[in-house]
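Engineer: Residue numbers (the working numbering), protein chains in the order written: chain A, 97 to 256; chain B, 689 to 1199.
For the record, the hints were derived by calculation from the structure and aren't laboratory data.
We put the beta carbon where it would ideally sit given N, CA and C, even for glycine.
Check the hints yourself; a few may be wrong.
Simulated crosslink set (DSS-like; lysine-lysine; CA at most 27 angstroms straight-line) [said to hold, decoys possible]:
{"hint": "1", "chain 1": "B", "residue 1": "1173", "chain 2": "A", "residue 2": "106"}
{"hint": "2", "chain 1": "B", "residue 1": "1115", "chain 2": "A", "residue 2": "106"}
{"hint": "3", "chain 1": "A", "residue 1": "225", "chain 2": "B", "residue 2": "1069"}
{"hint": "4", "chain 1": "B", "residue 1": "970", "chain 2": "B", "residue 2": "789"}
{"hint": "5", "chain 1": "B", "residue 1": "789", "chain 2": "B", "residue 2": "981"}
{"hint": "6", "chain 1": "A", "residue 1": "231", "chain 2": "B", "residue 2": "1074"}
{"hint": "7", "chain 1": "B", "residue 1": "1115", "chain 2": "A", "residue 2": "183"}
{"hint": "8", "chain 1": "B", "residue 1": "830", "chain 2": "A", "residue 2": "131"}
{"hint": "9", "chain 1": "B", "residue 1": "1188", "chain 2": "B", "residue 2": "1177"}
What the simulated footprint calls covered on chain B by chain A, stretch by stretch (three residues with Cβ under 8 angstroms from a Cβ of chain A suffice, anywhere in the stretch; the number is not a length) [what the hints assert, rightly or not]:
{"hint": "10", "segment": "858-864"}
{"hint": "11", "segment": "904-912"}
{"hint": "12", "segment": "1085-1097"}
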Amino acid sequence: MKIEHKESAKRDFVTSLIICIGSIIIFGISAAMPKFVEWGLYATPSLAPMIFSIALFLCGLIMLIRSIVLQGYRISISNEQVKAFLKAPILRHFLVALGLVILFYALFRILNFILVGTIYLLANMMYHKSMAWWKILILSVIYTAAIYVLFNYVFFIPVP
Amino acid sequence: MGFINLAKEFIGLMNIADLLYCFVAVQLGIIFGMLPGLTATVGVAILTALTFKWDPGNAIMVLIGIYVGAIYGGSRTAILLNIPGTPASAATCLDGFPLSKTGRASEALGLATTASMLGSLVGLIALSFLTPLLANTALEFKSYEVFWLAVFGVAICGNLTAAKDPLKGWISGILGIILSFVGMEAIQGYRRFTFGVSDLMAGFNIIPVLVGTYALVEILDNLTDVKYGETVAQVGRVVPRFKDIAANWVNIIRSGLIGVFIGVIPGVGENIGSYVAYDFAKRSSKKPEEFGKGSIEGLIASETANNAVVGGALVPVLSLAIPGSPPAAVLLAALYLHNVRPGPLLMIEQPMYIYTFSAMFALASIVMFILGLSFVKPMLKLLRLKSTIMMPLVFVLCIVGTYAIAGRKFDILVMICFGLLGFAMRKLGYPEAPLVLGIILGPMVDENLRRGLILSEGSLAPFFASPISIALVIAVFFTLFGRLKPVKKVTGTLLWPLRKLTGLFIRAKAD
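Construct the complete structure from the given sequences, taking the supplied hints into account.
Structural biologist: Rendered as structure tokens:
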């Protein structure tokens, strides 16, 4: 087995299980679709989903077997590893980036675009301390307002 | 005749408005390509949304300009910072940066610019003359052949974008195909996998999928793994050394042809093309030990190939409606948005469009060359912009661009979901390109499979009847199973006589 497969054996073990289970679910949903017998069973809308869910299951199974051979099932997570992962700056940065994206989407449905855009840019750049707070505020407001004007009054594409 | 049509269309673009659009678009593309985290796909996707209410001619001109400029623009950061601005310029780092470190940054930039332009010209020849040929051949394609072509496209894309583990590439492609089944299917009108959500009836709009899979993934990646600014090397006047270009004419033609060939293969893209050309250049070089240490041959090979891929990738877009690269996939979506129907019927419905399109590509390549040799220093100042400032600004643009297509907030949710999926896939080593290609080609697979079976009343025989189908089936077989030892053994045995003959011929020539 190649080195790169050995290194990813544990991740592949988990993902292959998810892939196999997911493909079985997709197959089940497809099998429950109506058959439209008058067109012929070969024309049923479930044909292609069933074929490709089987293909996905087979690929997942091959990956599962490969990861088992490479002992990918030997997953041991210590408390120290969990603590180190939870304290890692990368995780914090990711959660903040994702959280702000979700916040943007949630507020986009309720508030005016200029306000939402300004809040998002302000929060993001302030978290990363990109520059002085007043520069961030000016940039956020001007940029969002410029995008709003550009889309609404130049491109005639309405933005909420 | 083709050349005359191309010349006519090119002359038609010689007006102030088109030239202005082209200059602005190519410069914007160079900026997108230069800034790490922004790729050609991101640039074309965002501008597709911004320009979709424009006149189709101007909109497509801008998108081609962005595409050409962005693929070239990545070479600047590759040479100056050892950071590829776009994945297409990853191979350029190998020799571009060492040249920069030895004080030859200006020379390297000049060579990269010239090589890119020459690569684009090779791509242009392919686009102008290969597209009508392929489109005419594609008219012979029936449902059975189109089905196998779509399957082959996803399979080869998975193979080449995850060369170390093609299984992950195929899983990514199959997942994309399955995701394309969401929505109302074309034959009986049944709603698949919608779970009662009315927004899913039309399936996933390709623009939010592309923006999410490529742009949002880069944004999350850059905001998660924050890198600090590097010092940019001083650059003088960027001048191409023509004697170096002239001495590498074989390298340029070979790399250009490799780029075109890789570009034509569905979904693969510029980064593969540049690495393959680099590899070929190293193998054929009289000084292979210089590669990786500042070899001009290596720099020229990678830059020629990645720009030649652009032209090559647009050949299947126009002739088969199958994208040859991720940015070409966005361009394909943009063509549909502007009521251009690419595919085999383009030669019948709008036969001159291929030459109009090629003329725009030619203009963009020339403008890229002009801008690449000028405005270098002011543009390099943009590299000082922190990613923690740039990425949030780009995200806001992505949101507005995605919303602008259909005015649905649901599209933003799709973008975010695909962004998260793409991010997870990247961290787990699954390539994104086959997923996107699967979503684009999935309807082709489904409809042609069922249509073919309806026409043949359930018989599978027509799927293996025509020479095109047989060739595609063999191609799919070798793509999926060609690396297995039993298959290699059998192939080796079958090809032994040919190898012997070739060996004898080479020995006879050497003697």
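Engineer: For each hint, tell me whether it holds in the structure or not.
Structural biologist: A quick look at each hint next to the structure:
1. Between residue 1173(B) and residue 106(A) the alpha-carbon distance is near 26 angstroms, which keeps this suggested pair within the 27 angstroms criterion.
2. Only pairs whose Cα atoms come within 27 angstroms are accepted, and residue 1115(B) paired with residue 106(A) is accepted, the gap being roughly 13 angstroms.
3. A threshold of 27 angstroms between alpha carbons decides the hint, and for residue 225(A) with residue 1069(B) the separation of about 21 angstroms falls inside it, so the pair holds.
4. For the given pair, residue 970(B) sits about 21 angstroms from residue 789(B) by alpha-carbon distance, which is consistent with the 27 angstroms threshold.
5. Note on residue 789(B) and residue 981(B): the hinted pairing holds, with a Cα-Cα distance of about 10 angstroms set against a maximum of 27 angstroms.
6. Between residue 231(A) and residue 1074(B), the direct Cα distance comes to roughly 14 angstroms. Compliance with the 27 angstroms bound is thereby established for this hinted pair.
7. Under the criterion of a C-alpha separation no larger than 27 angstroms, the hint pairing residue 1115(B) with residue 183(A) is consistent with the structure, at around 19 angstroms.
8. Restraint check for residue 830(B) and residue 131(A): the C-alpha separation of about 25 angstroms stays at or below 27 angstroms, so the hint holds.
9. About 16 angstroms separates the Cα atoms of residue 1188(B) and residue 1177(B), which keeps this hinted pair within 27 angstroms; it holds.
10. Closer than 8 angstroms: that is the beta-carbon criterion, and the segment 858-864 of chain B has 4 residues meeting it against chain A, so the requirement of 3 holds.
11. Counting residues of the segment 904-912 of chain B whose CB lies closer than 8 angstroms to any CB of chain A gives 5, so the stated coverage by that chain holds, three being the minimum.
12. As drawn, the segment 1085-1097 of chain B meets chain A at 7 residues by the rule of a beta-carbon pair under 8 angstroms; at three or more, the given contact holds.
Checked against the numbered hints given earlier, this structure breaks none of them.
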